[in-house]
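**Student:** Residue numbers (the numbering used here), protein chains in the order written: chain A, 1 to 291; chain B, 1 to 317.
These are calculated hints, taken from the structure and not from any lab test.
Treat the hints with caution; some may be incorrect.
To be verified - Calculated cross-link-like contacts (lysine-lysine; reagent style DSS-like; alpha-carbon spacing at most 30 Å):
{"hint": "1", "chain 1": "B", "residue 1": "K58", "chain 2": "B", "residue 2": "K264"}
{"hint": "2", "chain 1": "B", "residue 1": "K63", "chain 2": "A", "residue 2": "K219"}
{"hint": "3", "chain 1": "A", "residue 1": "K167", "chain 2": "B", "residue 2": "K63"}
{"hint": "4", "chain 1": "B", "residue 1": "K25", "chain 2": "A", "residue 2": "K103"}
{"hint": "5", "chain 1": "A", "residue 1": "K219", "chain 2": "B", "residue 2": "K123"}
{"hint": "6", "chain 1": "A", "residue 1": "K103", "chain 2": "B", "residue 2": "K264"}
{"hint": "7", "chain 1": "A", "residue 1": "K278", "chain 2": "A", "residue 2": "K167"}
{"hint": "8", "chain 1": "A", "residue 1": "K167", "chain 2": "B", "residue 2": "K25"}
{"hint": "9", "chain 1": "B", "residue 1": "K123", "chain 2": "A", "residue 2": "K278"}
Just so you know, these numbers come straight off a predicted model, no measurement behind them.
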Amino acid sequence: MVQYRSFSRTLFQIFNYTFFLVFSLSILVPFINSISVSLSSPGAITSGKVGLWPVGFQLNAYKQIIGNSTFIRSFLNTVGLTAINTVLSVGISLCAAYALAHKLFVGRRVAFTYILITMFFSGGMIPTYLLVRGLGLGNTYWALILPGLVSPFQIILYKNIIDQLPKELMESAEMDGAGEFSLLFRIVLPLVLPMTMAFVIFSAVGHWNTWFDVLLYIKDKSMWTLQYQLREILSTSALQADPANPFRDLAVHPENVKMAALMITILPIVVIYPFVQKYFIHGQFVGAVKG
Amino acid sequence: MNGVVAGVEKQAAVKKGRHRKFKLKTMLSLYTLFAPTAILLFIFHYIPIYGIIIAFKKYSVYKGIMGSEWVGLAEFKYFLTDEKFWNVFRNTLILNVYDILFGFTAPIVFALLANELYSRVFKRVMQTVSYLPHFLSWIVVSGVFYSFLSPETGLFNQLIEWLGYQPVYFMTETSLFRGILVFADIWKGVGWSAILYFAVIAGIDSSLYEAAWIDGASRWRQAIHITIPHMAPMITLLFLLRLSSIFSVGFDRVFLLQNPLVYKVSDVISTYIYRIGLEQSQYSLSTAIGLTQSILGFVLLITANRISKKLSGMGLY
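Could you build all of it, start to finish, from the sequences and the hints given here?
**Tutor:** Below you can see the structure in the form of structure tokens.
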């Protein structure tokens with residue numbers, strides 16, 4: 001790109017770099033501060049001394065959380081549900097899209113419309129809630145898996161890409177006697193792998209962050225997800241009002257526990273983030289509106 | 001000769017038969033592959049669509065959807081004359097206007113400014129940081145905001161006090177709360193939303209800039225006359241899409257950031273539907289409001305898509 005040198009240009013550049021530096025810091029500083037709070041002593045937090053560095057370093061909050069069986073259980077629930085939901089939802093999307101893209105699938109148009117309609121019309125919160133409760137799925141893991149398993153958006157994107165695959169590949173495999181299932185898993189799946197990666201990551205992040213379904217359907221603490229557990233911990237009133245609360249220890253400040261729980265919740269995302277960033281971006285593009 | 005013809009015909013017939021059999025098998029496989037989607041959509045999408053009729057009934061848990069009595073538009077009349085509903089409706093519109101004025105323009109300005117960063121390393125690090133909050137839940141973001149802005153222990157208020165001012169009760173101050181909702185949304189999503197604009201800018205032919213430079217156009221003029229006109233179709237499309245959701249606000253953001261002290265300015269239609277529907281169990285009323293909201297949104301979406309196609313040739317479908 002052509003470079004310019006003039007006074008106003010330099011001034012603008014100084015402003016511009018400062019602006020983005022401040023912006024990046026506005027994202028990083030609150031998180032760094034949260035880490036510091038989670039590692040600081042209660043006294044230092046109360047007197048407001050904690051900045052970007054822990055004051056009176058201690059791991060008590062983390063020890064309390066990791067020693068708390070409800071929290072560990074919610075962590076394991078989230079890991080399990082994220083894995084199951086992601087594999088099933090991406091798998092179902094791929095299967096449906098393969099069928100929809102197949103020329104021999106009688107009723108393709110009807111099936112496609114059937115999916116499309118659900119993108120524009122939905123029953124809304126209450127009818128869905130009443131249905132899930134009515135089916136007896138309330139307070140079961142099924143309520144956190146089944147209702148959201150089909151992603152019409154993924155199916156349509158998958159179908160578009162399968163439509164564009166070279167037909168010769170599949171024809172020659174068919175000649176060799178491959179059935180539809182082996183065609184799908186041996187020929188099509190490897191070809192749509194980049195998009196599958198993007199879907200898997202998006203889906204996994206989405207399920208990792210699930211909490212609303214838990215609010216609606218789950219009463220039993222042992223079935224809570226991590227985000228929902230975090231929400232409970234973050235509401236101070238619950239922490240202080242409940243005398244049976246295991247976090248009511250004087251060795252930690254409520255803020256200690258809150259920020260420690262928050263850090264444990266985001267840790268997996270922050271750790272994998274640098275490695276999968278390219279898929280995030282890829283996913284944003286496949287999801288982008290097309291002309 | 002006849003024998004040869006007969007043989008060929010026989011072969012063809014056998015082939016045809018096999019082909020038909022093969023087709024049937026294929027069809028069965030294809031229906032099997034599609035079945036989970038069809039069944040799940042039927043149960044969890046189509047049955048709830050049927051459930052919307054409770055908006056026109058006086059739904060009773062004991063009588064069920066079929067057994068409950070029809071009340072026509074009574075629920076709609078009820079909320080349309082309800083002062084509380086109109087307050088929530090007003091809040092939704094005001095928050096949306098703010099979101100469009102600031103939240104919608106932020107990624108455009110962000111992309112334009114980031115385009116002027118020459119250091120590729122700086123640009124890449126900045127972008128990586130800016131995408132991150134998009135992947136964190138609103139629960140996490142609300143936790144960070146509450147902690148950072150806390151009047152007693154929050155770092156931001158420590159800074160304010162250090163500068164010699166009184167601490168500010170950010171999260172409970174009604175006059176500040178809408179600003180915080182808008183700011184939080186920008187903070188969480190501006191980098192991510194800017195990606196589409198980055199892509200548009202990256203696709204602009206660089207010879208246009210070179211020609212402009214030879215003609216003596218400054219970077220400012222190049223932005224006005226080259227970059228922005230190229231971004232215009234995307235801006236139009238996204239703007240129209242954004243307008244179509246003016247009667248709805250994302251549930252999570254408001255629900256998780258608000259607290260009883262700021263309900264008056266923060267409560268929006270989606271949080272109101274939740275409160276009267278699930279906390280007060282007024283299922284029919286809640287469904288009626290939700291239905292009205294979706295119909296308005298759908299009409300706006302169709303209109304927006306039509307206008308967009310006319311103006312920029314781009315549309316959703």
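**Student:** Now look at each hint and say whether the structure bears it out.
**Tutor:** The hints, checked one at a time:
no., hint, result
1, K58/B with K264/B, "holds (29 Å)"
2, K63/B with K219/A, "holds (24 Å)"
3, K167/A with K63/B, "violated (55 Å)"
4, K25/B with K103/A, "holds (14 Å)"
5, K219/A with K123/B, "violated (46 Å)"
6, K103/A with K264/B, "violated (56 Å)"
7, K278/A with K167/A, "holds (29 Å)"
8, K167/A with K25/B, "holds (20 Å)"
9, K123/B with K278/A, "holds (15 Å)"
Of the hints listed earlier, those the structure fails to meet are numbers 3, 5 and 6, in rising order.
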